[in-house]
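Student: Residues per chain, in single letters:
There are 2 protein chains.
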Amino acid sequence: MYIILVYDIDQRRVGKMLKLCRQYLHWIQNSVFEGELTEVKLKELLHHAKSIMDLSYDSIIIFTSRQEKWLDKTVIGLEKNNLDNML
Amino acid sequence: MYIILVYDIDQRRVGKMLKLCRQYLHWIQNSVFEGELTEVKLKELLHHAKSIMDLSYDSIIIFTSRQEKWLDKTVIGLEKNNLDNML
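Residue numbers (our numbering), protein chains in the order written: chain X, 70 to 156; chain L, 70 to 156.
The shape of chain X in the complex, shown without the other chains (with noise of 0.2 Å):
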């Protein structure tokens, strides 16, 4: 499934939470995320993502679907992605 992640996390956990998500998916913006990853792999993400997180300040929107090309993407601005190769 080509998936899109986005987090809203308190700076105290963020880094964690980048860490992780940078392990499954590939990081495109400051808080987001995209990639390709099987519905057993998507689990076993949020399964540690919600041992990092404070559920009740801290949020995860994780937009799926089945195919990648029923998605365009335009960026505008600076590519971080470019960024993410040099960290």
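These aren't lab readings, by the way, just hints derived from the structure by calculation. Heads up, a few of these hints could be off.
Heads up, the list lumps identical chains together, so a pair's fine if it works in one copy or across two of them.
[To be verified] DSS-like, lysine-lysine: derived pairs with alpha carbons at most 27 Å apart: (1) Lys88 x Lys110; (2) Lys119 x Lys85; (3) Lys110 x Lys85.
With chain X fixed as given, assemble chain L onto it according to the hints.
Tutor: Chain L alone, transformed into the frame defined by chain X:
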């Protein structure tokens, strides 16, 4: 078209951008918006957005899907929708 818009905007400009995006889309997380827009309305939004942005520093990513049903959305943790109505 169904739109997901995510931005990463310097704090000096983010207030203006938030106000702009909320005129066109639903605010669902800190820097994430979704909704239905015609192609013309999307162009209009992006035209205004570019006039606010510093294109060498800020970024906007727009995902478009011809049909909302091609995307599933899952929210984990706090749902901002509820907050949005109160603001």
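Student: Confirm or reject each hint.
Tutor: For each hint, the structure was consulted:
1. Lys88 x Lys110: Close inside one copy (16 Å), not across copies (37 Å); limit 27 Å.
2. Lys119 x Lys85: Within one copy, since 12 Å is at most 27 Å while 33 Å is not.
3. Lys110 x Lys85: within (18 Å within a copy, 38 Å between copies)
Hint check: no violations occur; every hint is consistent with the structure.
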